[in-house]
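Participant: Sequence:
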Amino acid sequence: MMKILFKILLGLAIIYGLIIFIVPNIIDEKYNPVTQKPPYKVSPEAQQLFNSLDFIADLHCDALLWKRDLNKKNDFGQVDIPRLIEGKVSLQAFTIVSKVPFGLNVKSNSESSDMLIFQSIASGRSPKTWFSYYNRAIAQCRELRKYAKKSDGKFRVLLSSSDLENFLIDKKSQPEITAGFIGLEGLYPLEGKIENIEKLYQAGVRMMAPVHFIDNELGGSAHGLSHKGLTEFGKKVIQEIEKKNIILDIAHSLPQLIDDVLEIYHKPIISSHTGVQGNCPSQRNLSDKHLKAIAQSGGLIGIAFFQEAICGTDALAVAKAIKYTVDLIGADYVALGSDFDGSITAPFDITGLNLLVEEMMNVGLTSEEIRKVMGDNVKNFWLKNL
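To get our numbering, take the position in the sequence shown, counting from 1, and add 1.
Be aware that a few hints might be false.
Claimed, not checked - Here are the in silico distance ranges between beta carbons for each label pair:
hint, residue 1, residue 2, range
1, ILE23, GLY279, 42 to 50 Å
2, TYR32, LYS245, 32 to 40 Å
3, GLU112, SER368, 42 to 50 Å
4, HIS228, GLY193, 39 to 47 Å
5, ASN26, VAL107, 20 to 28 Å
6, GLN257, PHE103, 21 to 29 Å
7, GLY299, PHE103, 36 to 44 Å
Said to hold, decoys possible - Result set (DSBU-like, lysine-lysine): computed pairs, CA atoms no more than 35 Å apart in a straight line:
hint, residue 1, residue 2
8, LYS194, LYS237
9, LYS172, LYS290
10, LYS290, LYS236
11, LYS4, LYS194
12, LYS290, LYS229
13, LYS194, LYS38
14, LYS4, LYS100
15, LYS173, LYS74
16, LYS290, LYS237
17, LYS155, LYS268
18, LYS173, LYS268
Source of the hints: derived by calculation from the structure; they are not laboratory data. C-beta: ideal position from N, C-alpha, C; glycine also.
Full structure from sequences and hints, please.
Facilitator: The structure is reproduced here in structure tokens:
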């Protein structure tokens with residue numbers, strides 16, 4: 002009996018090992034494709050402008066969700082550290098996803114299911130992460146820091162404006178380095194405990210969004226069922242975020258929740274990855290009213306790259322969304338918010354941002370406006386607000 006039991010356990014261990022080794026990359030490749038594969042060629046004029054950019058930043062990617070080695074240049078997925086460097090990106094937001102419902106959609110999602118249980122198990126992550134949103138977030142924070150340690154100095158995680166200042170100094174003599182910061186997409190890891198804000202901050206989180214695709218204790222998602230604004234707990238959380246100078250991200254928030262945030266939050270607000278209603282009518286996208294309110298707060302609008310946000314699948318569609326937003330609120334408040342590796346079909350991977358520069362030129366943005374959108378606005382926002 003012991004021999005039979007040993008063989009059964011050994012067989013199960015081998016099967017689980019094969020699942021961990023094979024399945025995550027298959028899923029990653031399936032859910033994070035690009036419409037156009039590299040290399041990416043543009044006109045000499047567009048390439049010249051792209052090459053002259055000294056700071057490129059993106060406000061949203063979900064690369065930490067996957068098992069992909071980010072210190073290696075991969076031929077699937079949309080972001081890794083070698084490709085950030087190749088794409089001239091100085092600062093990339095790595096946002097943590099901690100809960101995803103089955104049947105994910107932009108219209109209506111129940112909070113009763115959690116697809117990431119199976120994703121955590123299949124990826125070989127610690128059992129602590131299987132049923133805990135908080136532990137999932139902490140594990141992803143640690144993973145990004147490990148990538149920084151193993152990057153031979155090519156990648157660092159930024160925690161403050163002084164960290165960015167030091168990075169900018171070092172980048173002048175070491176152009177082939179890049180940096181990231183950690184955001185949280187939906188405050189499910191609080192698990193009802195406001196003290197977890199401090200723990201997540203200590204783990205490196207510097208940007209927090211109240212909700213993702215489902216409602217939670219803070220209030221309603223634009224894709225949830227409750228259709229409610231901020232709860233009393235949610236108001237306390239927002240006030241604590243403001244007190245700690247954490248960047249507040251209202252992406253995925255229900256319009257009523259955004260209104261409630263605007264009433265009690267007194268610092269600049271961002272929407273890290275979004276489309277805009279005036280350019281692409283969608284439940285996912287921000288109204289002109291909220292675009293203007295975020296700009297008035299001194300915040301940023303990160304324009305996303307996926308179909309539901311921009312009503313298109315190429316760089317031109319992204320450029321049109323950017324142009325609409327710049328025309329409405331001014332170039333000082335617009336940024337990139339790709340949503341790379343967020344289970345989207347992207348027009349290109351992170352090395353293809355020169356395509357976007359060319360299309361922004363084609364839709365009539367000036368070189369100064371393009372510089373701001375491509376990264377200067379994020380740099381200035383970080384230096385001022387963190």
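Participant: For every hint, state whether the structure bears it out.
Facilitator: Each hint tested on the structure:
Checking the proposed 42 to 50 Å range against ILE23 and GLY279 shows it holds: the Cβ atoms sit about 45 Å from each other. For the pair TYR32 and LYS245, the beta carbons lie near 33 Å from each other, so the given range of 32 to 40 Å is met. A hinted range of 42 to 50 Å for the beta carbons of GLU112 and SER368 is consistent with their spacing of about 46 Å. Between HIS228 and GLY193 the beta carbon distance is about 21 Å. The supplied range of 39 to 47 Å is therefore violated.
At about 27 Å, the CB distance of ASN26 to VAL107 agrees with the hint of 20 to 28 Å. Between GLN257 and PHE103 the C-beta distance comes to about 26 Å, which sits within the given range of 21 to 29 Å. Between GLY299 and PHE103, the C-beta spacing of about 39 Å keeps the proposed range 36 to 44 Å intact. The straight-line distance between the Cα atoms of LYS194 and LYS237 is roughly 11 Å, inside the 35 Å bound, and the hint therefore holds.
The straight-line distance between the Cα atoms of LYS172 and LYS290 is roughly 38 Å, outside the 35 Å bound, and the hint therefore fails. At most 35 Å may separate the alpha-carbon atoms for a hinted pair to count; LYS290 and LYS236 meet this at roughly 22 Å. For the proposed pair LYS4 and LYS194, the alpha carbon gap of about 47 Å is over 35 Å, so the pair is violated. Among the hinted pairs, LYS290 with LYS229 is consistent with the structure: their alpha-carbon atoms are about 19 Å apart, no more than 35 Å.
Annotation: proposed proximity of LYS194 to LYS38 is violated, straight-line Cα distance about 44 Å (limit 35 Å). The straight-line distance between the Cα atoms of LYS4 and LYS100 is roughly 40 Å, outside the 35 Å bound, and the hint therefore fails. Our distance criterion of 35 Å between C-alpha atoms is met by LYS173 and LYS74, whose separation comes to about 24 Å. A hinted pair counts as satisfied when its Cα atoms are at most 35 Å apart, and LYS290 with LYS237 qualifies at roughly 25 Å.
With a C-alpha separation of about 32 Å, the suggested pair LYS155 and LYS268 falls inside the 35 Å cut-off, and the hint holds. A threshold of 35 Å between alpha carbons decides the hint, and for LYS173 with LYS268 the separation of about 31 Å falls inside it, so the pair holds.
In this structure, the earlier hints numbered 4, 9, 11, 13 and 14 are contradicted, and the remaining ones agree with it.
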